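**Student:** Below, each chain spelled out in residue letters.
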Amino acid sequence: MAEDPTQDAKRLDPMEPWRAARDSYMEAWGKTMVDMVNSEAYAQSTGAMLESYMTVSAPFREAVEKAMLKTLEQMGMPSRADVLSIAERMTNIEMRLDDLDAKLDNIQRLIVTVGAGRRSKAGKAPQPSKKKTMKAKPAKRGKK
Amino acid sequence: MIADPVTAAANRLQALNKALTTKAAIAQTPKELVWTLNKSKLYRYVPVLPKEKRHPVPLLLVFALMNRPYILDLRPGHSFVEYMLNKGYDLYLLDWGVPGPEDKNLKFDDYTLDYMPRAIRKLKAISGVEEFSLLGWCIGAILTTIYAALRGDEGLRNLILLTAPLDFSNKQSLTFARWTDERYFDVDKVLAAFGNMPGEMIDYGAKALKPMENYVGSYVKLWDNIDDPRMVEGWHAMNTWVTDNVPLAGGAFRQLIVDLYRDDKLMRGELVIRGERVDLSRIQANLLTVIAEGDHITPSCQSEPVMSKVSSPDKELFRVRGGHIGIMAGSGASKYTWPHIDGWLGRRSQ
Numbered sequence: 001m002a003e004d005p006t007q008d009a010k011r012l013d014p015m016e017p018w019r020a021a022r023d024s025y026m027e028a029w030g031k032t033m034v035d036m037v038n039s040e041a042y043a044q045s046t047g048a049m050l051e052s053y054m055t056v057s058a059p060f061r062e063a064v065e066k067a068m069l070k071t072l073e074q075m076g077m078p079s080r081a082d083v084l085s086i087a088e089r090m091t092n093i094e095m096r097l098d099d100l101d102a103k104l105d106n107i108q109r110l111i112v113t114v115g116a117g118r119r120s121k122a123g124k125a126p127q128p129s130k131k132k133t134m135k136a137k138p139a140k141r142g143k144k
Numbered sequence: 001m002i003a004d005p006v007t008a009a010a011n012r013l014q015a016l017n018k019a020l021t022t023k024a025a026i027a028q029t030p031k032e033l034v035w036t037l038n039k040s041k042l043y044r045y046v047p048v049l050p051k052e053k054r055h056p057v058p059l060l061l062v063f064a065l066m067n068r069p070y071i072l073d074l075r076p077g078h079s080f081v082e083y084m085l086n087k088g089y090d091l092y093l094l095d096w097g098v099p100g101p102e103d104k105n106l107k108f109d110d111y112t113l114d115y116m117p118r119a120i121r122k123l124k125a126i127s128g129v130e131e132f133s134l135l136g137w138c139i140g141a142i143l144t145t146i147y148a149a150l151r152g153d154e155g156l157r158n159l160i161l162l163t164a165p166l167d168f169s170n171k172q173s174l175t176f177a178r179w180t181d182e183r184y185f186d187v188d189k190v191l192a193a194f195g196n197m198p199g200e201m202i203d204y205g206a207k208a209l210k211p212m213e214n215y216v217g218s219y220v221k222l223w224d225n226i227d228d229p230r231m232v233e234g235w236h237a238m239n240t241w242v243t244d245n246v247p248l249a250g251g252a253f254r255q256l257i258v259d260l261y262r263d264d265k266l267m268r269g270e271l272v273i274r275g276e277r278v279d280l281s282r283i284q285a286n287l288l289t290v291i292a293e294g295d296h297i298t299p300s301c302q303s304e305p306v307m308s309k310v311s312s313p314d315k316e317l318f319r320v321r322g323g324h325i326g327i328m329a330g331s332g333a334s335k336y337t338w339p340h341i342d343g344w345l346g347r348r349s350q
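Taken in order, these protein sequences are the chains called L and A.
Per the working numbering, the first sequence starts with residue 1, numbered consecutively.
Per the working numbering, the second sequence starts with residue 1, numbered consecutively.
Think of the hints as simulated: they come from the structure by calculation, not from any bench.
Incorrect hints may have been included.
Computed from the model, here is a short list of chain L residues facing chain A with C-beta under 10 angstroms [unchecked claim]:
1. MET36
2. GLU51
3. TYR53
4. LEU69
5. SER85
6. ASP105
Computed from a predicted model, the values in this text were never measured in an experiment.
Here a beta-carbon is modelled for each residue, glycine too, at the ideal position from N, C-alpha and C.
Next up, chain L with everything else stripped away, as it sits in the complex:
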């Protein structure tokens, strides 16, 4: 029986001890880093970094927004706020359409239910309906 060459390769893999060492090193580092990100100091430092980014970037952002707004106004173009307002109104219109769709569904269901009810009445109890028409006829004759 021929031997599987991949099994041989696995047995003779010179990188295996290196890999094992790497994995144990990574595991140790992983635990250390999990402890680190779970610490109060990490939360404090990331919070401080985010805060300083916001503080530094806010004036630039506001200046760009103002400049853009003025440019758009001068060019007679809608601003970002105008476009967002239209998008919000579109969503409101969609909701009204959905309400209408719900009402149509209800009406359709009622029509089907009433139709089915009539059909079942007509199909299941033909005798009473005939009797009713029989009774009605003499009354009409009497009136004549």
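Assemble chain A onto chain L, guided by the hints.
**Tutor:** Relative to chain L, chain A alone:
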């Protein structure tokens, strides 16, 4: 025969390049779009079994707001959606879409009292039934729990919560709670700058919980298995999902941080959604809570307490080995989690 080392190295680099720089073919199960509102879409998966062999009670899948829902339908042969279709479920998926700047004020209130009831109305109209089941995963489980407490009497028969972050009282176990503590994190300042919480920041937060595993270990694992096409294919699909981030609507993010992570309002019965208090004891639907034992994002202490809060006479807590995503998308999902969900739900969907 030993392959030419140069060819082998070239093949490895080619596989590595493909896995790192391209997107895998994901979410391939056929579905039809049946309802939309704003960015949200309701899909109905094309049933694979004839009607008489299907469960009469449809199932609606609700995933988190800040990730793509196609993790539930990752790739053929490794798809929860495909599995459940083959088991005879009438399956719907609510995809929240990508919120734009105009959606920065969307809150849990809108998602649970506008979007979900409307999508469910459509689901009922299409399926022609009055009862349905809900499966919520991660933030999706928060939304389904709120919905079940507020509108559970509108036909909700079964509720499945996967890795549900509902209890935020144990601050020591929650790294996110530490990071978003009001002493260090000014949520209003962040939202004033960004509008919505950027997907990249959320992704960084999730990955930074286990930095070595996510930033180094994952790629080392890929390189170690680069000669195994099946493993590379799975890694590629998962990487496509992991790197496909979605921003979280500003209003919902503020509620998540302030009302839940900081004030634990849901479990304390103090959460108010559009004027209605969310009372978990109003939940009467059959309940299955699935906990991932190795979950570092939602530890079990966040999901367990809901069991004693609900009024459901029929409830079960199921623990499964694996991580937050691994229990549903990992290699063991089709052996443990999916069959258990099917077994539990199938008996309650007749």
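**Student:** Are any of the numbered hints broken by this structure? If so, which, sorted upward?
**Tutor:** Checked against the structure, the only hint that fails is number 4, while the rest are satisfied.
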